[in-house]
Amino acid sequence: MSCENWSGKLDAYVDGQSPDTELESHLRECPKCAREVLSRWQMKRATQAAAERYAPSSEFRLRVQSQIAASRATPRKQLWGIPRLTWAAAGLVAVVLLFVLGIGWNRHAAHEQALAELLDLHVAALASANPVDVISTDRHTVKPWFQGKLPFTFNLPDLQNTPYTLLGGRMMYFEHNPGAQLLYQTRNHKLSVFVFQDRAGAGDFGLGISSGSQMAFHVESWSEGGLRFAIVSDAGAADVHALGELLRAAGRS
Amino acid sequence: MEAVDRIRADSALFEELAMPLFARLYNFACWLTKDRAAAEDLVQETYMKALKGFSGFKQGTNFRAWMYRILRNTFLTSQTGLKAVSLDDDDGPPEPETAETPESLLLARMDRETIQKALEELPVKFREVILLCDLEEMSYAEIGQTLDIPIGTVMSRLSRGRKAMRALLAQRIEGARR
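Sequence order for the protein chains is A and B. Sequential numbering of the first sequence, starting at 1, is according to the working numbering. Sequential numbering of the second sequence, starting at 254, is according to the working numbering.
If we strip away everything but chain A, and leave its shape as in the complex, we get (with noise of 0.2 Å):
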């Protein structure tokens, strides 16, 4: 067998994929080859030891340590996913199912699911270093930066004598589907704007506007022009409320 039937397998050899005793043989007597092979396990060491370069800090390593903890402390279902249906709990959704019959349930476990997304995606991106990606108090420059990734547009609200600052935008994935997540600022809250295409039954967010509670942050929603807007955050109602006024004439304007 000549050199170049071994070329394809000097990888696999170094890489310790398998051992291969012909080849052995052929390394003893061909030191052209056993040259690549010695070349290829020098690089792979090299290789080993340079990408050994970035250590994280240690207060990144408690703060995600910190967020694994806190699930037990606080279990969240909508937080954290379904926990399996133990006897407790079926008795709970067979209970439950008899109330509201069928269909209504799944329409709220399906919206419940929603609102846990949209959350998440508000508590993530507070977590995060960079919570946006596009950093501008300008809504002439924060709603240009969706262009190109959206497949849609909307009008951002003109917040002069509000209290409401706007910090910017990024893009967010709900349901598998591309839409623009926006922040806000009143006082010392933060407030995430989601904006994404209203398709049929995604979230089951029901007409007109709707409003409601989860884990403390308030949460109101609407549809407009074929998309739906969603405001979550741990500020007052009222202040949800009122933002969502401005987007609302904003949108209409």
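Where hints are given, some of them may not hold.
Each computed SDA-like pair below joins lysine to any residue, with the alpha-carbon atoms no more than 20 Å apart [stated by the list, open to error]: (1) B:K305 - A:L121; (2) B:K336 - A:P178; (3) B:K302 - A:A73; (4) B:K305 - A:L62; (5) A:K44 - B:I426; (6) B:K287 - A:D133.
Rather than coming from a laboratory, the hints here were simulated on the basis of the structure.
Guided by the hints, dock chain B onto chain A, whose structure is given.
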């Protein structure tokens, strides 16, 4: 309260399995994103996604490959990832004429920095496969599971990636000599 106890147990087990991989995943994330802040976001998102999906993880299967796979898929759908992949040519960099190690490399003593720069220049699809193999010392089968590609593709990507890496290193070394 059985469901609550189960969540607690799952979360504790997850922490026990996942935290030892933390530093390694962070290093890998930095190599993918080439940015520490983006890498922190990526690792954090990976851990939250993995914790959320942990009940779907089959005990006894490869947890490490599962975590790397979540991280890598999360990267590919992120802004940085989409940008990086769109910059990659479909066919990768041009194939060097020979599979052999260039003469200039055989005698050169390559310093860490030269290798790091060459790794950074490689397209993501080659960089990731080389890192999983050389740094993480994953078997070809494990790399296949992580990247969701057949072993044959792992081998061909490794081979092409290393050829490209050798070519980049040779260029740098020859450039430095001139």
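For a quick check of understanding: which of the numbered hints are violated here, in increasing order? No numbers; nothing is violated.
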